[in-house]
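Assemble the whole structure, with the sequences as input and the hints as a guide.
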Amino acid sequence: VTIMLAYDGHMRNTENIGYNVFISFCVLGFVELPADFLTMIAVETLGRRHTTVLTLITSGIACFVIAALPQDSTMGIFAVAIIGRFLITMAINVGQQYPVEVLPTVARSSGSSTIHTLGSLSAFVSPYVVYLSKFGHYLPYLILGMVTVVGGAICSLLPETLNEKLPDSLHDGETYFSDQSCCYNPCAARYDGSSFNSSLQ
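Position one of the sequence shown corresponds to residue 324 (the numbering used here), numbered consecutively onward.
Please keep in mind that the hints were generated in silico from the structure rather than gathered at the bench.
Here are the simulated distance ranges between beta carbons:
| id | residue 1 | residue 2 | range |
| --- | --- | --- | --- |
| 1 | Glu367 | Tyr454 | 36 to 42 Å |
| 2 | Asn343 | Leu480 | 37 to 43 Å |
| 3 | Thr397 | Ser432 | 42 to 48 Å |
| 4 | Lys488 | Phe345 | 46 to 52 Å |
Virtual Cβ for every residue (Gly too), placed ideally from N, Cα, C.
What follows is the structure in structure tokens.
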């Protein structure tokens, strides 16, 4: 929900950057391709949780920076908006994969459908967030920043699924990843092979 709202808000807020709207749209759309490739690398090295948390929080920080910049600082806003769009694109890419791996098999289809439906519904709010720029250019980015930072903090509580056997039953879903700490790092776990070996058993 958070990722869809932030991503859709970034897309719709292109016209309020202050730069040429056509150039802004093309450049911001172009950065999605390298973001897609970097996501594929990040989720297999940093893991799903760390990638989601880092991209959401840093995207939120980028929004706060834009909100703090003066409205006539067009190039500065444009440059930071590119960074924010890059990061939120990475976040939404992970967000398409992460729920499928966290949910148990018996509830995967219905759970994924519910998540995507709620995400699509949250996108209906983004035009109203963007419209707040009429009252201050900083308001949309301030709201998007708060949403993504809070969302990133909440995602830090999710389990890490990299190199883990996915849950099958509801019982598995309740007890799955119970041995993981909040600071569990799949990069470090991979060296002793414990996580990977357990996924093969």
